[in-house]
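Each chain, written out:
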Amino acid sequence: MIGDDIEVKVLDLKESQVKLGIVAPKSVAVHRREVYLAIQSENTQAASAAQIDTITDLIQR
Amino acid sequence: MDPAVVVPDYRIEIRPAELSELAVTSIGELDVYTLVVVPEDKRKVRTNLRAPILINAKLRLAKQALLDRSDYPIQFFLAQPHQGQGQAREASNAGLNP
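Just so you know, the protein sequences line up as chains Z and A, in that order. Letter by letter, the first sequence follows residues 8 to 68 in the working numbering. Letter by letter, the second sequence follows residues 59 to 156 in the working numbering.
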């Protein structure tokens with residue numbers, strides 16, 4: 008248990024793999040770290056200087 | 059961009075706590091946009107349908123949500139071979155979700 012209302016469950020054990028499940032109230036956001044990192048990476052790229060040529064190209068289509 | 063341009067039936071659900079953070083009671087009161095990445099290779103121009111930006115324009119509050127539904131990809135490529143076929147485009151992009 009984490010606090011009063013978050014439960015970590017081992018769903019499956021296989022050779023070198025453990026499958027974990029998180030049971031938490033609806034108010035708690037549970038996401039995988041890879042998803043977080045992927046979104047951060049996209050945010051950074053979206054904020055970096057856009058390629059003007061690409062945009063001009065897209066607009067002209 | 060407006061995600062409805064690429065997915066006309068773009069629908070999202072967020073937690074009540076997130077709605078109250080933005081001082082609204084329903085998603086309808088918010089403007090919904092998605093970030094676009096414009097790299098040099100125009101075939102890789104993409105938008106993030108998984109983490110839209112929600113804006114309460116009246117109160118100038120905004121946040122980036124992370125949706126629970128995984129059928130909206132983090133990288134939805136705008137340049138698709140099947141132009142104008144909404145469903146097919148969505149389906150072909152679904153596999154790109156990390």
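Calculated directly from the structure, the hints in this document are not laboratory data. Do not take every clue at face value.
Said to hold, decoys possible - EDC-like, lysine to aspartate or glutamate: derived pairs with alpha carbons at most 16 angstroms apart:
hint, chain 1, residue 1, chain 2, residue 2
1, Z, 33, Z, 64
2, A, 102, Z, 64
3, Z, 33, A, 99
4, A, 100, Z, 64
5, A, 100, Z, 11
Stated by the list, open to error - Computed list of chain A residues with no C-beta within reach of chain Z, every gap over 12 angstroms:
hint, residue
6, 85
7, 94
8, 105
9, 124
10, 126
Every residue, glycine too, gets a C-beta built ideally from N, C-alpha and C.
So, going through the hints one by one against the coordinates:
Under the criterion of a C-alpha separation no larger than 16 angstroms, the hint pairing residue 33(Z) with residue 64(Z) is inconsistent with the structure, at around 44 angstroms. About 13 angstroms separates the Cα atoms of residue 102(A) and residue 64(Z), which keeps this hinted pair within 16 angstroms; it holds. The hinted pair formed by residue 33(Z) and residue 99(A) fails the criterion: a straight-line CA distance of about 40 angstroms is larger than 16 angstroms. The suggested pairing of residue 100(A) with residue 64(Z) holds, with an alpha-carbon distance near 8 angstroms, which does not exceed 16 angstroms.
A C-alpha spacing of about 49 angstroms is found between residue 100(A) and residue 11(Z), which places the hinted pair above 16 angstroms, so the restraint is violated. The claim that residue 85(A) lies off the interface holds: its Cβ sits roughly 16 angstroms from the closest Cβ of chain Z, which is beyond the 12 angstroms cut-off. For residue 94(A), the non-interface assignment is contradicted: its Cβ lies about 6 angstroms from the closest Cβ of chain Z, within the 12 angstroms cut-off. Against chain Z, the non-interface label of residue 105(A) is violated: not every CB pair exceeds 12 angstroms, the least being about 9 angstroms.
With a least CB separation of 6 angstroms from chain Z, residue 124(A) falls inside the 12 angstroms interface cut-off, contrary to its annotation. A beta-carbon of chain Z comes within 12 angstroms of the beta-carbon of residue 126(A); the shortest separation is about 8 angstroms.
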